[in-house]
Amino acid sequence: MTVPYVRSDHDSETAPVIVERREGPYGEVVLRRRGGGDGATGAVYEIIANGCFLMDTSDGRSERLLVDAALAALPAGRPDPAVLIGGLGVGFSLAHAAAEPRWGRVTVVEREGAVIDWHRTGPLATISADALADPRTELLHTDLVAHLRTADAAYDALCLDIDNGPGWTVTEDNGGLYSPTGLAACRARLTPGGVLAVWSAQPSAEFEEALRNAGFAGVRTEEITVARGVPDVVHLAVKAA
Numbered sequence: 001m002t003v004p005y006v007r008s009d010h011d012s013e014t015a016p017v018i019v020e021r022r023e024g025p026y027g028e029v030v031l032r033r034r035g036g037g038d039g040a041t042g043a044v045y046e047i048i049a050n051g052c053f054l055m056d057t058s059d060g061r062s063e064r065l066l067v068d069a070a071l072a073a074l075p076a077g078r079p080d081p082a083v084l085i086g087g088l089g090v091g092f093s094l095a096h097a098a099a100e101p102r103w104g105r106v107t108v109v110e111r112e113g114a115v116i117d118w119h120r121t122g123p124l125a126t127i128s129a130d131a132l133a134d135p136r137t138e139l140l141h142t143d144l145v146a147h148l149r150t151a152d153a154a155y156d157a158l159c160l161d162i163d164n165g166p167g168w169t170v171t172e173d174n175g176g177l178y179s180p181t182g183l184a185a186c187r188a189r190l191t192p193g194g195v196l197a198v199w200s201a202q203p204s205a206e207f208e209e210a211l212r213n214a215g216f217a218g219v220r221t222e223e224i225t226v227a228r229g230v231p232d233v234v235h236l237a238v239k240a241a
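In this text, residue positions in the sequence shown follow our numbering: the first is 1, and each later residue adds one.
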């Protein structure tokens with residue numbers, strides 16, 4: 001179910017400016033700017049999908065935790081691990097992964113062409129340009145669920161930040177990622193001892209149980225405190241070696 005945009009703590013009294021609005025195969029996606037003027041330092045960019053706030057450039061702590069927690073949970077001494085990031089979003093997870101020399105390969109999957117364009121030639125390039133230019137980085141314009149089910153590649157870590165997490169998806173198709181079939185596809189793409197890290201806007205005991213039922217071990221949740229409301233979390237799980 002689509003949920004209307006809700007005013008958040010970082011919003012100012014100034015009305016947001018629509019930078020671009022596109023209608024795509026999964027509905028409407030909008031890039032908005034708050035403050036700062038065109039290209040000015042201090043502007044906050046927001047991605048809105050089907051009228052629902054997804055993410056913005058005001059913080060990024062939980063996106064960075066998503067990557068760091070996955071790396072920390074890998075077996076010690078694993079050489080040049082490969083990480084898959086889904087999706088691109090505002091680019092914090094990708095930029096953080098590319099800034100870490102221990103990752104041997106960084107693949108990011110994004111199904112919205114508009115989001116990719118905003119990173120390649122738009123204002124979000126200030127976050128992701130260096131990461132996209134890194135020779136370890138591969139950007140795939142495709143659906144994440146389809147990639148997980150059909151790809152031949154194996155990954156040491158999957159860092160997934162899709163919609164607002166397993167308990168609240170903007171489009172119905174994304175719900176399949178968190179289903180038993182979707183979690184089985186995640187497990188199949190991981191190397192032995194590989195880590196699944198899933199960002200969520202709120203904790204979910206039900207999703208932890210779903211991870212255990214899907215055959216994952218070491219299931220746990222790390223929290224990031226937010227200014228108001230329940231904390232953002234990263235759900236972590238390990239494919240048994």
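The reader is advised that the hints may include incorrect statements.
[Claimed, not checked] Computed spacing ranges between beta-carbons, pair by pair: (1) 241 to 21: 30 to 36 Å; (2) 21 to 205: 17 to 23 Å; (3) 231 to 179: 20 to 26 Å; (4) 223 to 14: 45 to 51 Å; (5) 23 to 240: 27 to 33 Å; (6) 136 to 51: 31 to 37 Å; (7) 218 to 79: 19 to 25 Å; (8) 149 to 76: 27 to 33 Å; (9) 130 to 240: 34 to 40 Å; (10) 79 to 231: 31 to 37 Å; (11) 15 to 218: 29 to 35 Å; (12) 18 to 181: 32 to 38 Å; (13) 35 to 181: 28 to 34 Å; (14) 14 to 138: 35 to 41 Å.
Worth flagging that the hints you see were computed from the coordinates, not collected in a lab.
Fair warning: this is a prediction, and the values are worked out from it, not measured in the lab.
The C-beta atom is built at its ideal place from N, Cα and C for all residues, glycine as well.
Okay, the hints, checked on the actual structure:
About 47 Å separates the C-beta atoms of residue 241 and residue 21, a value inconsistent with the hinted range of 30 to 36 Å. Taken as a hint, the range 17 to 23 Å is violated for the pair residue 21 and residue 205, whose Cβ atoms sit roughly 37 Å apart. Take residue 231 and residue 179: their Cβ atoms lie about 25 Å apart, and the range 20 to 26 Å holds. For the pair residue 223 and residue 14, the supplied restraint of 45 to 51 Å is violated, since their beta-carbon distance comes to about 31 Å.
Between residue 23 and residue 240 the Cβ separation comes to about 44 Å, which falls outside the hinted range of 27 to 33 Å. At roughly 36 Å, the beta carbons of residue 136 and residue 51 sit within the given window of 31 to 37 Å. A hinted range of 19 to 25 Å for the beta carbons of residue 218 and residue 79 is consistent with their spacing of about 21 Å. At about 31 Å, the beta-carbon gap between residue 149 and residue 76 stays in the expected band of 27 to 33 Å.
Range check, residue 130 to residue 240: Cβ separation about 36 Å, and the 34 to 40 Å hint holds. The hinted range of 31 to 37 Å is satisfied by residue 79 and residue 231, whose Cβ atoms lie roughly 34 Å apart. The beta-carbon spacing between residue 15 and residue 218, approximately 46 Å, falls outside the hinted interval of 29 to 35 Å. The beta-carbon spacing between residue 18 and residue 181, approximately 37 Å, falls within the hinted interval of 32 to 38 Å.
Separation of residue 35 from residue 181 is about 43 Å and departs from the stated range, judged on CB atoms against 28 to 34 Å. The hinted window of 35 to 41 Å between residue 14 and residue 138 holds, with their beta carbons roughly 38 Å apart.
The structure fails hints 1, 2, 4, 5, 11, 13 (numbered hints given earlier, in ascending order).
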